[in-house]
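Student: Place chain B with the ligands on chain A using the hints.
Heads up: the sequence lines are chains A and B, in that order. Oh and the first sequence: position 59 is 88 in the numbering used here, straight run, nothing missing. Oh and the second sequence: position 14 is 25 in the numbering used here, straight run, nothing missing.
Treat the hints as calculated values from the structure; they're not laboratory data. Keep in mind that a hint or two might mislead.
To be verified - Label-pair distances were calculated between CB atoms; the ranges are:
1) 35/A / 131/B: 55 to 61 Å
2) 38/B / 126/A: 21 to 27 Å
3) 115/A / 50/B: 44 to 50 Å
We put the CB at the ideal spot given by N, CA and C, even for glycine.
Now for the letters of each chain:
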Amino acid sequence: MNDESIVIVAIRSDADIIAARQQGRQIAASLGFTSTEQALIATAISEVARNIVEYAQKGEITIQAFSERGKHGILVQARDQGPGIADLDLAMQDGYSTSNSLGLGLPGTKRLMDEFDITSEIGKGTTVTMKKWRY
Amino acid sequence: MAVPILKQHDYLIATVQSTLTDSDMMQLQNDLAERVGRFRSKGVIIDVTVLDVMDSFACRMIRTIAQVIRLRGAETVLVGIQPDVAFAMVQLGLSLDNVPTALDLEDGLALLEQRIRGRHNHER
Ligand SMILES: Nc1ncnc2c1ncn2[C@@H]1O[C@H](COP(=O)(O)OP(=O)(O)O)[C@@H](O)[C@H]1O
Ligand SMILES: [Mg+2]
Chain A
30 MNDESIVIVA IRSDADIIAA RQQGRQIAAS LGFTSTEQAL IATAISEVAR
80 NIVEYAQKGE ITIQAFSERG KHGILVQARD QGPGIADLDL AMQDGYSTSN
130 SLGLGLPGTK RLMDEFDITS EIGKGTTVTM KKWRY
Chain B
12 MAVPILKQHD YLIATVQSTL TDSDMMQLQN DLAERVGRFR SKGVIIDVTV
62 LDVMDSFACR MIRTIAQVIR LRGAETVLVG IQPDVAFAMV QLGLSLDNVP
112 TALDLEDGLA LLEQRIRGRH NHER
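Only chain A is shown next, with the shape it has when bound in the complex:
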């Protein structure tokens, strides 16, 4: 996979969650990530894709290779135009959930990846951007 290609997966259902994480694993493998790293990346994608289905109903995930100052890695972005998150600090806390689930998706995903950024606006939507470097 070269640096220019971007894979976009539309997310609307649990089947799309599976498709997105399989795409992520495949791309990570083609970039030379170890099988352990592939599992971390696939799990992170699964969490943010699940959040799209659960809270925003639909959205998309883009996956691409990237390079920065001679370093290489994988860049994943999850975007939706759902309800947004009122309190990001709260949402990033372990165990915080508005759907009575485990509340580990966002904080856990941050631990799985090397870089993690979330922006959200009420009524506009949520974007999660995350990277993993290939060492």
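Tutor: Just chain B with the ligands, lined up with the frame of chain A:
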């Protein structure tokens, strides 16, 4: 794809064959709860050797299934979590709560045996 469930003496063995959709997981829960009653099973093994991702949703589902089975009077043991999956689960912060785990089917059956005996002694 639905998860096939094998009956072996007092046990049920559910071997996950491929990535599970939400409805597969719901069906597994219903099938196990029903069969534990029908066959008067004492224990259930869920074999997840083929799973390459265990996210928080799947983890919660498995915890729920184990709770349902416990309420039906049987014990559950989860077997076959792969090293990469285990590592990702730890990083994510997932715990299986009090669902016991074993390396593989053989160890799982031994653990089930032990737990069922323990439960029996406890009740006496
Ligand atoms: N894409 C999203 N749109 C709106 N709200 C979200 C989104 N993702 C996460 N949230 C909010 O952040 C909370 C924490 O998310 P997460 O850490 O994945 O835990 P969980 O999904 O188990 O509740 C959710 O309960 C929800 O309120
Ligand atoms: Mg979540």
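Student: Taking the hints in turn, state whether each one holds.
Tutor: Going through the hints against the structure:
1. 35/A / 131/B: 55 to 61 Å: Hint holds: Cβ distance 59 Å, inside 55 to 61 Å.
2. 38/B / 126/A: 21 to 27 Å: holds, 25 Å
3. 115/A / 50/B: 44 to 50 Å: At 49 Å between Cβs, range holds.
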